[in-house]
Amino acid sequence: MRTIGIDPGDHAAKVVELDGSYKKTRLVHVGMAPAQASDAAARTESRAEAVAVAMGEGRRGHITLAHPCREAMLRPLELPFTGHEAIRKVVKAEIEGEIQSGSVDDMIVDFHEIGPGANGGTKLLVAAVPKLGLKAVLTGLAAHKIEPESIDLDNMALWRAAHWAGVFAAEAGEAAGSVTAVVDLGSHSVNVILVEGENLVEMRTLRVGDGVVADELARRHGLDLQTARQVAHACHATGADQRIEVAAALPAPVEAEPGATAAPVASAAPARVVNVTHAEVESAYTACMQRIARELTRFLTSSGRTSRVRVVYATGGASRSVAATEMLAAVFGVEVRELDLLGRLQHDLTPEEVAEYGPRLAVALGVALGPMGGPEGFELRQEDLLLAKGFERIKFPLAIACMFAMLAMFVQWNARRAQLRNKEIEIGLEFLDKSDAKKPAVFYGMLNSVFDRGWFENPQQFRAVKSGKDYLYRDLVAELLASSVHRRLNIVRDRLRDVVEQKQKESGIFEDVSLESGLAVLVRWAELLRAGEAQLGRFLVTRFDLSMKAPNRKLEFTIAFRGEDFRNRHSALMAMIETELERPDSPFVKPARPDEGKSEDLFKPRDGNEMGVTGGYFRVVLHIKDTFRPFGASAPR
Amino acid sequence: MNLRNLDAYKVIVLVAALALPLGWWQVKKLDQEIAACEQTIAAARRPGGLIEEIGQLQRKVEVVVQNKRSMSDSIKDPRTYFQGQLLQSGSQLKVNDFSLQDARPEQATLASKQPVTDYVIAIDWPNKKDLPVPLDFLYAAIFNCESGASAVSEAAQQSVWRLRDLRVVNLEAMGLTGGRVPPPELPDKWIIEEMKFARREPRKGK
Chain A
0 MRTIGIDPGD
10 HAAKVVELDG
20 SYKKTRLVHV
30 GMAPAQASDA
40 AARTESRAEA
50 VAVAMGEGRR
60 GHITLAHPCR
70 EAMLRPLELP
80 FTGHEAIRKV
90 VKAEIEGEIQ
100 SGSVDDMIVD
110 FHEIGPGANG
120 GTKLLVAAVP
130 KLGLKAVLTG
140 LAAHKIEPES
150 IDLDNMALWR
160 AAHWAGVFAA
170 EAGEAAGSVT
180 AVVDLGSHSV
190 NVILVEGENL
200 VEMRTLRVGD
210 GVVADELARR
220 HGLDLQTARQ
230 VAHACHATGA
240 DQRIEVAAAL
250 PAPVEAEPGA
260 TAAPVASAAP
270 ARVVNVTHAE
280 VESAYTACMQ
290 RIARELTRFL
300 TSSGRTSRVR
310 VVYATGGASR
320 SVAATEMLAA
330 VFGVEVRELD
340 LLGRLQHDLT
350 PEEVAEYGPR
360 LAVALGVALG
370 PMGGPEGFEL
380 RQEDLLLAKG
390 FERIKFPLAI
400 ACMFAMLAMF
410 VQWNARRAQL
420 RNKEIEIGLE
430 FLDKSDAKKP
440 AVFYGMLNSV
450 FDRGWFENPQ
460 QFRAVKSGKD
470 YLYRDLVAEL
480 LASSVHRRLN
490 IVRDRLRDVV
500 EQKQKESGIF
510 EDVSLESGLA
520 VLVRWAELLR
530 AGEAQLGRFL
540 VTRFDLSMKA
550 PNRKLEFTIA
560 FRGEDFRNRH
570 SALMAMIETE
580 LERPDSPFVK
590 PARPDEGKSE
600 DLFKPRDGNE
610 MGVTGGYFRV
620 VLHIKDTFRP
630 FGASAPR
Chain B
0 MNLRNLDAYK
10 VIVLVAALAL
20 PLGWWQVKKL
30 DQEIAACEQT
40 IAAARRPGGL
50 IEEIGQLQRK
60 VEVVVQNKRS
70 MSDSIKDPRT
80 YFQGQLLQSG
90 SQLKVNDFSL
100 QDARPEQATL
110 ASKQPVTDYV
120 IAIDWPNKKD
130 LPVPLDFLYA
140 AIFNCESGAS
150 AVSEAAQQSV
160 WRLRDLRVVN
170 LEAMGLTGGR
180 VPPPELPDKW
190 IIEEMKFARR
200 EPRKGK
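In order, the protein sequence lines correspond to chains A and B.
Residue 235 in numbering that gives the first Met the number 0 sits at position 236 of the first sequence; the count goes up by one each step and never skips.
Residue 103 in numbering that gives the first Met the number 0 sits at position 104 of the second sequence; the count goes up by one each step and never skips.
Check before you lean on any hint, since a few could be wrong.
[Said to hold, decoys possible] Simulated crosslink set (DSS-like; lysine-lysine; CA at most 30 Å straight-line):
| # | chain 1 | residue 1 | chain 2 | residue 2 |
| --- | --- | --- | --- | --- |
| 1 | A | K504 | B | K112 |
| 2 | B | K127 | A | K603 |
| 3 | A | K548 | B | K9 |
| 4 | A | K624 | B | K112 |
| 5 | B | K75 | B | K112 |
| 6 | A | K603 | A | K548 |
| 7 | B | K9 | A | K553 |
| 8 | B | K9 | A | K144 |
| 9 | B | K188 | B | K93 |
| 10 | B | K188 | A | K548 |
| 11 | B | K9 | A | K394 |
| 12 | B | K127 | A | K553 |
| 13 | A | K589 | A | K548 |
| 14 | B | K28 | B | K127 |
| 15 | A | K88 | A | K130 |
| 16 | A | K88 | A | K122 |
[Stated by the list, open to error] If you only want the chain B side, here are some residues facing chain A, beta carbon under 8 Å, derived:
| # | residue |
| --- | --- |
| 17 | G22 |
| 18 | A35 |
| 19 | T39 |
| 20 | A41 |
| 21 | L56 |
| 22 | V63 |
| 23 | V64 |
| 24 | P131 |
| 25 | D135 |
| 26 | F136 |
| 27 | A139 |
| 28 | L165 |
| 29 | L170 |
| 30 | G174 |
| 31 | L175 |
Don't read these hints as lab results, they were simulated from the structure.
Where is the CB? At the ideal position from N, CA and C, for every residue including glycine.
Throw the hints in and build the complete structure from the sequences for me.
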């Protein structure tokens with residue numbers, strides 16, 4: 000896991016990037032950059048810039064910002080119940096009466112359980128931080144594209160860093176209930192926490208620090224803060240006076256009179272010499288230490304744990320000075336140790352860098368360690384300061400869009416379901432009588448009309464052998480119920496085909512290849528001759544020969560006409576036949592060779608029986624179609 | 000994702016992320032089923048469609064069922080069948096007046112390229128010259144054999160046999176050769192020179 004901890008600091012921003020886990024942590028990056036602005040208005044912007052510089056490029060990981068505890072209001076509170084969520088619900092209302100300096104609605108409130116209270120309750124340490132200051136810090140950082148995901152108080156970060164360093168571990172022969180003090184000596188504030196065992200029991204921020212020495216020098220000698228800080232440091236470190244040359248203060252601007260010529264602009268401000276004595280620096284430093292000592296003593300006295308403090312761990316920019324160490328030893332009356340964090344951390348810093356950064360990184364490391372584990376601190380990213388990152392920013396409109404999409408999808412699904420049901424009913428959806436489970440299924444729609452007459456239920460009609468077993472109506476219904484509705488008509492058709500095929504094979508009845516009826520041909524021929532009796536008069540058919548064998552199907556007959564008009568009557572017969580051949584449902588077809596079979600055989604002029612009878616025999620051939628409709632409607636009447 | 004960070008919006012989005020693809024898949028499935036149903040309805044309603052096809056198949060089954068017994072008999076034992084049908088056609092006809100040959104298979108192919116086998120049975124009339132028949136008898140005999148009509152059974156029965164060949168000559172006209180003048184009227188006495196019936200089966204192996 001990668002995490003980034005940001006400590007905006009009083010006059011220098013510190014940024015660390017860690018990798019690994021809470022137990023095995025590696026320092027990936029450390030950056031420190033001084034804040035340039037001295038006035039309060041530009042301080043926030045200046046700190047944000049310093050953080051951006053300290054962070055550098057290419058940092059990635061969970062970013063946690065340390066917020067100075069001096070800007071928070073800390074109040075102890077005791078509630079008569081336990082449970083983190085239950086406490087969270089009421090803590091803001093409970094702390095409202097404890098805060099007089101502002102409305103609790105304008106503050107972010109969080110709490111830390113410091114132990115059990117009386118009568119089974121919970122003791123809390125409640126922190127209230129004004130939203131305005133936090134928003135300003137976050138806005139300043141956002142301008143540099145730095146968006147912390149969590150915000151914690153620097154005191155909590157100090158506790159976590161010390162916990163990670165293992166300073167709370169009990170030592171041999173140590174009395175129960177002994178307290179470890181951790182002091183962070185900053186330039187403008189001193190953070191002190193008291194930890195019993197591993198539990199944080201008390202913490203305080205003293206609004207005083209060694210920065211007051213530089214502030215006093217700056218005020219007294221007209222120096223900027225940065226220069227004053229450097230001079231104070233040099234005096235304190237070398238023990239000698241410091242003589243520096245700085246630019247003289249510019250005169251106040253005078254409003255030019257009308258018509259007056261503009262004054263020439265000075266090329267450079269005139270320099271002046273400032274002499275800062277070691278005595279005045281030490282005096283200011285001693286006064287500062289005395290003040291810190293006084294405040295610490297007051298705090299310890301109020302906490303009631305003075306006698307139980309077993310060791311003091313010091314960190315912060317001023318912690319390495321002998322005066323500070325002596326002051327702490329005098330106040331606490333116990334051994335003062337340096338909180339060595341870099342010594343426990345995997346890193347590739349040089350010894351010089353370790354010496355420079357060592358005492359200054361406790362808070363930054365503490366907030367960076369937060370996401371990895373360890374003691375839980377405050378979370379000030381709450382309410383309207385909650386980080387709306389990526390998905391969080393769009394989740395509300397996205398949720399609304401999703402709801403509409405789901406609604407639209409449901410409407411579409413429902414409409415199609417209804418449409419499908421209507422279609423299925425039209426084809427043959429089943430109806431099952433729930434009151435009588437044994438009752439066979441009934442079908443709607445087309446299947447209903449197919450099954451309506453009970454035709455399929457007759458096993459003499461609908462029965463097939465499938466896989467050696469009888470396939471009956473009930474099997475068909477079972478198959479239909481198991482299949483999709485749109486396939487049901489096809490299934491009925493297919494099963495019926497099977498039945499037809501089997502029955503035709505069994506019976507030898509093949510409707511599709513049935514022979515044409517010879518009787519129908521004879522009937523049609525007889526009808527033809529009877530219809531022409533008026534035109535033909537008396538005629539004699541002496542023989543006829545029907546052959547239905549393909550491909551030469553024909554009806555050949557011999558007809559005799561007696562009388563002078565025998566040829567006319569024969570012509571009338573042929574005309575009738577022509578008319579017959581035109582009829583669509585006639586079994587006869589026009590011959591390929593029209594004159595085929597129209598032979599004429601005249602009567603003998605002298606026959607034994609009769610003399611001088613005129614007339615003749617005619618042989619007529621009628622070709623028969625391959626298929627025709629027997630006993631058709633257009634038969635001559 | 001940490002479940003503790005789940006809020007209502009995230010739950011909605013999460014549910015939508017699951018429900019929307021599922022819903023889309025369901026809607027597409029319903030669309031396909033609707034299309035399949037519409038296709039079936041169209042296929043059923045068009046002329047010659049599924050409903051008509053089912054009706055035609057039912058009719059085919061009915062034909063087979065209604066005639067199964069008679070046709071089974073007529074196929075298995077055509078001699079008995081034809082004897083029964085012929086004897087019903089004329090009261091003066093005797094069993095010895097005609098003889099029935101074995102059914103002879105003739106292979107053919109229909110215009111639809113369907114190969115078929117015609118089983119042709121010939122009915123011979125050994126004493127045909129002594130047994131002239133009237134046309135009424137002739138028509139009755141052909142009708143009985145083709146229709147399967149039975150005096151015993153009341154049910155209408157359809158025969159598989161059809162008249163294949165028929166050659167008939169008038170008894171008196173038999174002597175009228177070489178242009179001899181026919182009498183003004185011929186007697187209703189006819190000699191059956193040839194009478195054949197046939198049934199057809201489709202041949203496998205098409």
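Now the hints, each set against the structure:
1. Using a Cα cut-off of 30 Å, the hinted pair K504/A and K112/B holds, with the two alpha carbons roughly 20 Å apart.
2. Between K127/B and K603/A, the direct Cα distance comes to roughly 29 Å. Compliance with the 30 Å bound is thereby established for this hinted pair.
3. For a cut-off of 30 Å, the pair hint linking K548/A to K9/B is broken: about 86 Å separates their Cα positions.
4. Between K624/A and K112/B the alpha-carbon distance is near 16 Å, which keeps this suggested pair within the 30 Å criterion.
5. Of the pairs offered as hints, the one joining K75/B and K112/B holds, with about 28 Å between alpha carbons and a cut-off of 30 Å not exceeded.
6. A hinted pair counts as satisfied when its Cα atoms are at most 30 Å apart, and K603/A with K548/A does not qualify at roughly 35 Å.
7. A hinted pair counts as satisfied when its Cα atoms are at most 30 Å apart, and K9/B with K553/A does not qualify at roughly 89 Å.
8. Between K9/B and K144/A, the direct Cα distance comes to roughly 26 Å. Compliance with the 30 Å bound is thereby established for this hinted pair.
9. Distance check on the hinted pair: K188/B and K93/B sit about 17 Å apart at the alpha-carbon level, within 30 Å; holds.
10. For the given pair, K188/B sits about 26 Å from K548/A by alpha-carbon distance, which is consistent with the 30 Å threshold.
11. For a cut-off of 30 Å, the pair hint linking K9/B to K394/A stands: about 7 Å separates their Cα positions.
12. With a C-alpha separation of about 24 Å, the suggested pair K127/B and K553/A falls inside the 30 Å cut-off, and the hint holds.
13. As the CA atoms of K589/A and K548/A are separated by approximately 17 Å, the hinted pair is consistent with the 30 Å bound.
14. At roughly 77 Å between alpha-carbon atoms, K28/B and K127/B are farther apart than 30 Å, so this suggested pair is violated.
15. Distance check on the hinted pair: K88/A and K130/A sit about 19 Å apart at the alpha-carbon level, within 30 Å; holds.
16. For the given pair, K88/A sits about 15 Å from K122/A by alpha-carbon distance, which is consistent with the 30 Å threshold.
17. Interface hint at G22/B: satisfied, since its Cβ lies 4 Å from the closest Cβ of chain A, which is below the 8 Å cut-off.
18. A least Cβ separation of about 4 Å between A35/B and chain A falls short of the 8 Å threshold, and the interface hint therefore holds.
19. With a least beta-carbon distance of about 5 Å to chain A, the hint placing T39/B at the interface is held under the 8 Å criterion.
20. The closest approach between the C-beta of A41/B and any C-beta of chain A is roughly 11 Å, which is over the 8 Å cut-off, so the hint fails.
21. Annotation: interface hint on L56/B holds; nearest CB of chain A at approximately 4 Å, less than 8 Å.
22. Taken as an interface hint, V63/B checks out: its beta carbon lies about 4 Å from the nearest beta carbon of chain A, inside 8 Å.
23. For V64/B, the interface hint holds, the least distance from its beta-carbon to any beta-carbon of chain A being 6 Å, beneath 8 Å.
24. Because the smallest distance between the Cβ of P131/B and any Cβ of chain A comes to about 13 Å, over 8 Å, the interface hint for this residue is violated.
25. Taking 8 Å as the C-beta contact cut-off toward chain A, the hint placing D135/B at the interface is violated, the least distance being around 12 Å.
26. At its closest, the beta carbon of F136/B sits 13 Å from a beta carbon of chain A; the interface hint therefore is violated under the 8 Å criterion.
27. The restraint placing A139/B at the interface with chain A is violated, with a minimum CB-CB distance near 10 Å, outside the 8 Å limit.
28. Taking 8 Å as the C-beta cut-off, the interface hint given for L165/B holds, the closest approach to chain A being about 4 Å.
29. For L170/B, the suggested interface contact is broken, since its CB lies about 10 Å from the closest CB of chain A, more than 8 Å.
30. Checking G174/B against chain A: minimum C-beta separation of about 10 Å lies over 8 Å; hint violated.
31. Interface hint at L175/B: satisfied, since its Cβ lies 7 Å from the closest Cβ of chain A, which is below the 8 Å cut-off.
When held up to the earlier numbered hints, the structure conflicts with 3, 6, 7, 14, 20, 24, 25, 26, 27, 29 and 30 and fits the remainder.
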